[in-house]
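**Q** The lines below spell out each chain.
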Amino acid sequence: MANVLVVAEHVDGVLRKVTRSAITFAREAAALTGGNVEVLLLGSDVDNIAEELSTSGVSRVLYANDPAYAHYLAENYAPAIAAAAEEIDAAIVCSPSSTTGKDMLPRVAAKLEAGMVSDAISVENDDGLKFRRPLWAGNVITTVEVVTPVKVVSVRTTDFEASESTSDAAPVEAFDPGTGAADGVEFVSFDQVKSERPELTDAEVVVAGGRGLGSGDNFEMIMKLADSLKGAVGATRAAVDSGYAPNDWQIGQTGKVVAPQLYFAIAISGAIQHLAGMKGSKNIVAINKDPEAPIFQVSDYGLVADAFEVVPELTEKLQKVLD
Amino acid sequence: MKILATVKRVTDPDMKIKIKPDETGVVTEGVEYKMNSFDEYGVEEAISIKEEHGGEVVVVSIGPAASTKELRTAMAMGADRAILVETDQDLDSDAVARVLTEVVGREEPDVIVMGKQSVDSDRNQAAQLLASYLGWPQATFAFNVDISDGWATVGREVDGGTSTKRIELPGIITADLRLNEPRYASLPGIMKAKRKPLDTLTPDELGVDIAPRVNVLKFEAPEEREAGEILEDVDELVDRLQNEANVI
Ligand SMILES: Cc1cc2nc3c(=O)[nH]c(=O)nc-3n(C[C@H](O)[C@H](O)[C@H](O)COP(=O)(O)OP(=O)(O)OC[C@H]3O[C@@H](n4cnc5c(N)ncnc54)[C@H](O)[C@@H]3O)c2cc1C
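These protein sequences, in sequence, are chains A and B. 1 is the number of the first residue of the first sequence in my numbering; add one for each residue after it. 1 is the number of the first residue of the second sequence in my numbering; add one for each residue after it.
Bound conformation, chain B alone:
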């Protein structure tokens, strides 16, 4: 079975994000980057599918040259090879999906595992767009995946509870946070990853026009909440809720 997993280089989710004074983006100096958290779950799932069914795990990233670091991390976890579609432009989800459509056309995987969203742009679109462009079924927000007889049975985290869906492969699965425990890269894994193949392509070479359908015009900080008061005791809290906030 050939499994394709996607990896995005994002700002470390634990870092404080600052906005450039001219509101054209976020400050990148001194910022640390890592693999999108949801992609870690996706890569882990791809590797465990391979461990169960055999085959190959190919990881793909779209982004700047520095994204090779995250691709090496995925290979250190156990992916077999990597493809970087190099661009310094910040693509919208549609362009990401169209680039991936071309990569999928070349690679012909049986299953694609992606993170359900990236923790920087928070859009939650690319996998579903890709599924539509490929005409494939999708199972988003997975917390459980079971593959047999050419179908994937996927438990999904949805509003109101959980749901289960079956999709015929080839299909796309997106990882939610409770899908698995991503493994750490072992030292031998890291050494081995250095020699694993990493191909670099460009959107141009894939024949994809990456002009965005959604333009970002301005970046702003949200309104900050002001810290309130620390109260003495429960009586004071009840009193304030009743007589100041008027919510009781």
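Bound-form chain A, shown alone:
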């Protein structure tokens, strides 16, 4: 028993890139346990995703193609994942620490009588498997061990590169979990925030705005700057709560975790709960009119200035450089 099972995540017929980061974690773990990495795909008519997964660096794709999996429901997914874990004798079951992963994995752990690690940022073998994970809004990192034979792990995907595509394809096998659909639960809707921009968690550049912008309309200049750099747009909780930005943009302890090459924090004070979601960025630029704002303590480059003046100027000057 040494195999590692990854649960693939997809939306709108497209594999989410965070799955590839979870595969990288799984490969690191499998190298320590001496097992294979297998991926479970639950969905309805997502053959294209099965095919994509077959060249994502795994040894096998288990494909449960069933209308019952057309829409994600933890109550239906968790038993199927547990069945797949038993089928392949998995020592580790993992998926991205996305809202889906956070929602379903504890149910999988309960079914498998497994301990679960949330938000793993590393795995190593030091007299048994050890995982590291952040807590206290990223102010503490603990090293943990799971004492149960099966271990369930949600993976903080910003800490693992996306797995590269391979030229050989792993086999795709139909898998019937035989667990059916749960009673007492109904999927109603998924209202996707449609956007031409890259996903926040994948983007090389993230431009985030805070409450200091004062209105949703003023987020326009944030979007323009993001678009000139082909980046994603993010926000603080205060900006989301104020209705300036959709919830899906929230970055931080209780929102998304991002680690782009370049992060702009505009009119953001730098509360620890916000830093928890962006401290891992390679380069941080802060623009704030308050020289004492805590964000300047983590930024590489700071401008003490009024965002309304410098952001349009910055967009224009960057555009010139890019052209």
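No lab work stands behind these hints, which were simulated from the structure alone. Treat the hints loosely; a few may be bogus.
Said to hold, decoys possible - Straight line, CA to CA, 27 Å or less: simulated DSS-like cross-link-like pairs of lysine-lysine:
{"no.": "1", "chain 1": "B", "residue 1": "K218", "chain 2": "A", "residue 2": "K130"}
{"no.": "2", "chain 1": "A", "residue 1": "K130", "chain 2": "B", "residue 2": "K20"}
{"no.": "3", "chain 1": "A", "residue 1": "K282", "chain 2": "B", "residue 2": "K18"}
{"no.": "4", "chain 1": "B", "residue 1": "K196", "chain 2": "B", "residue 2": "K50"}
{"no.": "5", "chain 1": "B", "residue 1": "K16", "chain 2": "A", "residue 2": "K282"}
{"no.": "6", "chain 1": "B", "residue 1": "K218", "chain 2": "B", "residue 2": "K16"}
{"no.": "7", "chain 1": "A", "residue 1": "K224", "chain 2": "A", "residue 2": "K130"}
We have chain A already, so just place chain B with the ligand on it with the hints.
**A** This is chain B with the ligand only, laid out in the frame that chain A set:
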């Protein structure tokens, strides 16, 4: 309708957390505690469900004796009674869920409202584990809850947007930050809370073995980022991004 809400005593999220030199935990001297922020939203939701549908709100905490303070706060907000499962041990989420399973077996609530995560351990597991142990449906990360005809329709904050799910009660809901505005305890509420019943149990009395499935071996501070430079103007910023950071 009987509503159960959970309350965890946590370190004040605005305080700077320090790690003990021997790396076995965080420094607790001089630290202030309060109710986990997400539980405040959960308790508020439980009380507003009661206000709409009638019934009783029972709040439960697992933790040290000092957690009675947070339970009193929840009762001052409007919860009717409280249960403390007293332990000085720091439980993992699985043990928390197994203790709660026993409490739920005794109380038989129609709906359980929990915070989606606690701001100290940041695990986001207990409610989902509990739902699985009870064989109940769950609606996590709620920003909107509507209960009628024995079902809860729940708007959820998820990656990529929002989603809506219906669960048949009994079921479990976890609160996200935009679910409601937690009320402040009024002075009469605080006075009344002092006389509301608070029962104390132990994991032992509930017959739960709280041995952890996940052991914490070591606590460390993350690598600190060094503060960079304050630049003169936009031209300098563009120049640095292009020629120093090489990101443009
Ligand atoms: C349990 C819990 C969880 C939380 N989770 C998160 C989370 O996930 N993500 C998150 O972001 N927050 C989170 N928070 C909230 C967090 O504590 C802060 O309240 C929030 O991040 C502040 O957002 P802000 O920086 O936009 O607003 P503020 O703190 O109000 O800062 C606004 C900034 O804008 C600057 N400013 C104003 N006008 C201008 C101008 N014209 N030009 C330039 N600068 C200007 C001001 O100087 C100020 O620094 C959480 C809080 C709690 C309690």
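**Q** Confirm or reject each hint.
**A** Hint check results:
{"no.": "1", "hint": "B:K218 to A:K130", "in the structure": "holds (10 Å)"}
{"no.": "2", "hint": "A:K130 to B:K20", "in the structure": "holds (21 Å)"}
{"no.": "3", "hint": "A:K282 to B:K18", "in the structure": "holds (25 Å)"}
{"no.": "4", "hint": "B:K196 to B:K50", "in the structure": "holds (17 Å)"}
{"no.": "5", "hint": "B:K16 to A:K282", "in the structure": "holds (24 Å)"}
{"no.": "6", "hint": "B:K218 to B:K16", "in the structure": "holds (19 Å)"}
{"no.": "7", "hint": "A:K224 to A:K130", "in the structure": "violated (44 Å)"}
Of the numbered hints given earlier, the model fails hint 7 alone.
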